[in-house]
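As they're listed, the protein sequences go chains E and W.
Using the UniProt record's numbering, the first residue of the first sequence is number 1, and each one after it goes up by one.
Using the UniProt record's numbering, the first residue of the second sequence is number 1, and each one after it goes up by one.
These are calculated hints, taken from the structure and not from any lab test.
One should not assume that every hint holds.
If chains are identical, the list can't say which one is meant, so a pair holds when it fits in one copy or spans any two.
[Unchecked claim] Straight line, CA to CA, 27 Å or less: simulated DSS-like cross-link-like pairs of lysine-lysine:
(1) Lys28 to Lys356
(2) Lys103 to Lys263
(3) Lys356 to Lys263
(4) Lys327 to Lys349
(5) Lys103 to Lys292
2 protein chains.
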Amino acid sequence: MLQRLVLIALICCCWQVSASTLLVEKQKFTTTDFTTVSGVTLPEVNVGYESYGTLNANKDNVILITHYFSGTSHAAGKYAETDALAGYWDAIIGPGKAIDTNKFFVISSDTLVNANWHDPHVITTGPASINPKTGKRYGLDFPVVTIADFVEVQKRLLASLGIDKLYAVVGASMGSFQALEWAVRYPDKVARLIHVIGAGTMDAWTVAGLEKWALPIRLDPNWRDGNYYEGERPLAGLTATMLNITQDAMHPAIYNASFPDFKVLDKGALEDIRTLPAINQTLAARALARAKTQDANHILYLIRASQLFSAGMEENLATALSRIQAKVLMLPSSGDLLLRPEGARAMAKTLTASGKQVTQSEIQGIWGHLDGIFSITSKQAEIAAFLAE
Amino acid sequence: MLQRLVLIALICCCWQVSASTLLVEKQKFTTTDFTTVSGVTLPEVNVGYESYGTLNANKDNVILITHYFSGTSHAAGKYAETDALAGYWDAIIGPGKAIDTNKFFVISSDTLVNANWHDPHVITTGPASINPKTGKRYGLDFPVVTIADFVEVQKRLLASLGIDKLYAVVGASMGSFQALEWAVRYPDKVARLIHVIGAGTMDAWTVAGLEKWALPIRLDPNWRDGNYYEGERPLAGLTATMLNITQDAMHPAIYNASFPDFKVLDKGALEDIRTLPAINQTLAARALARAKTQDANHILYLIRASQLFSAGMEENLATALSRIQAKVLMLPSSGDLLLRPEGARAMAKTLTASGKQVTQSEIQGIWGHLDGIFSITSKQAEIAAFLAE
């Protein structure tokens with residue numbers, strides 16, 4: 001049970017699933033005059049990236065990993081031998097692993113408006129960045145960015161390395177949005193797509209649910225319409241947002257199992273309305289620790305990018321999917337309550353109906369949405385086989 | 001589809017499911033020196049109640065209806081012929097209906113800390129009430145109250161009418177908590193229990209999830225630690241809370257079906273981070289309209305009462321359930337994402353294992369949790385048969 005409690009504390013963080021000695025280095029990519037889908041030109045964009053394995057001479061062994069909502073480019077390996085944790089998919093990325101770095105050059109970059117602004121290993125451009133034109137932080141004057149913009153930045157990064165085609169693109173959750181966007185937007189450049197705990201487009205339920213994550217930030221008096229960079233950070237609101245995200249990404253079964261000592265008859269909570277139940281105090285402390293590494297405005301922009309996601313920026317998903325040339329492996333989680341497997345099942349049917357080569361294999365785990373991270377090893381053979389074809 | 005949209009707008013509100021001519025009158029019950037489970041004595045408690053049908057001479061034809069979280073005592077009928085809507089369970093309460101007011105005297109009361117403080121038909125005592133000792137509103141000095149306290153107030157109300165025993169007690173959601181508490185606390189006074197979309201005790205998942213409803217209120221700068229009665233109400237926070245409650249009570253299928261014109265590519269939301277997607281603007285306007293009839297502190301107290309619920313104020317549910325003498329009919333909703341049917345199924349097994357007479361019959365609807373209200377007619381024959389035995 002102790003192990004489970006530790007797992008909970010690490011939700012959405014990096015997670016060491018195997019003893020890894022892959023040492024990685026965060027690098028910085030800069031591009032200029034980047035025009036967003038929303039029509040605004042950013043004079044400069046910086047994002048961090050890391051890579052595992054070696055780019056071959058033909059530059060045709062490239063696998064791009066696109067990260068989830070609260071994730072970073074740290075998909076595998078460690079920055080130092082002494083790191084407590086390896087990257088979030090270290091279980092499947094590395095020498096001899098499902099995504100074999102002896103064969104493939106694996107690359108992963110931080111998105112625009114990455115959540116983890118205060119993580120020293122993250123490099124991103126967003127509302128917390130200095131606008132070179134004004135010398136001040138953008139705040140809410142930063143343009144809305146979309147999943148397609150994330151892809152365009154990745155495309156420029158790859159071009160800077162002389163890479164024009166992807167052997168595969170692989171992403172979980174919001175990472176699946178980016179991976180799918182690649183396959184729809186650049187069908188002739190993407191040979192394989194692995195779409196994990198994902199979706200093809202947003203429905204009303206999900207757009208409404210994502211807004212629930214934004215509400216606490218906007219209510220925090222310290223948020224001040226996004227102009228908090230000279231004062232107190234809206235940490236109370238951001239903590240509430242983290243509480244929402246964490247619970248939404250889990251399944252009740254593992255959640256309850258991870259609190260084996262939970263008692264409903266809570267004396268403190270009974271005696272004073274101002275005292276939270278003990279479990280809520282514990283959860284709030286964990287969420288605050290997470291919130292401290294993040295930027296509230298960046299979270300709002302990630303929410304908006306997710307709300308506006310529809311593959312290929314097409315209102316009709318079937319139209320977008322019809323463009324795909326990549327072979328597709330879909331790995332939804334059966335117990336997912338956030339991006340429910342019904343969406344992925346429908347998408348697989350649409351792909352099949354339009355003659356695409358698609359395999360769907362559901363992850364049967366205990367974590368709910370997070371099975372895409374914590375139970376990914378259950379699909380390592382299928383991933384390896386898919387990449388070998 | 002239009003009808004579905006209208007349904008959405010009425011969620012958790014009263015809902016006219018049949019042409020009812022049952023006219024009802026809100027009455028007021030006052031009791032003094034009421035000591036809460038948390039150990040505080042309230043000098044005076046007032047609650048509203050209404051009744052349908054006639055109390056017989058033996059006073060043994062009484063069915064108590066206990067209301068859900070955001071509900072009121074208005075379970076059936078109309079206050080005036082011109083009312084647009086009848087009470088929330090009007091489909092099953094009335095002359096010749098499943099809960100037949102030609103046979104039964106049906107009574108329903110507003111709980112303590114009822115959410116709908118600004119509804120002119122609601123009478124309740126809570127933090128918005130004047131403390132007779134100080135002449136000021138209680139605010140957060142009001143004691144924490146529990147589901148058991150709600151039951152104790154109901155017991156005093158019934159005693160004031162000379163009623164000592166219940167033919168049946170029937171409640172949905174938080175109403176099921178009260179109904180179950182009756183059967184556990186007063187086993188010899190409750191002959192039948194109908195437990196709809198309910199639970200027997202809170203788990204870690206639900207306690208954490210309920211706190212998500214409280215967070216926006218506490219973040220609203222107008223909330224001011226509950227001392228807002230002389231100033232602006234924390235309507236922004238309360239609106240966010242209503243958005244949370246409404247979505248949590250529904251199933252994605254009906255939610256999405258109710259927005260047939262939903263477009264993910266939202267121009268306004270793409271052009272400015274300050275502009276919400278159209279669907280979120282619509283939802284926020286509806287939630288604000290609901291919030292205006294409610295009191296934020298009362299919602300916080302209802303959340304706490306729910307978080308602390310465990311039948312019989314027992315940590316061990318089996319121990320509590322072993323006391324029940326009532327026959328039990330359990331009606332969970334198969335698609336319930338708020339109080340998931342797994343809880344009710346486990347409770348039914350525990351009851352059966354301890355030799356109790358229990359029937360479980362799941363509501364198969366499209367609404368999720370709200371099937372306990374909107375799809376209750378699908379169980380009218382079973383309810384009538386259960387009450388006839």
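Each hint tested on the structure:
| no. | hint | result |
| --- | --- | --- |
| 1 | Lys28 to Lys356 | neither (36 Å within a copy, 67 Å between copies) |
| 2 | Lys103 to Lys263 | neither (51 Å within a copy, 42 Å between copies) |
| 3 | Lys356 to Lys263 | between (51 Å within a copy, 26 Å between copies) |
| 4 | Lys327 to Lys349 | within (14 Å within a copy, 47 Å between copies) |
| 5 | Lys103 to Lys292 | neither (38 Å within a copy, 62 Å between copies) |
Against the hints set out earlier in the document, violations occur for numbers 1, 2 and 5.
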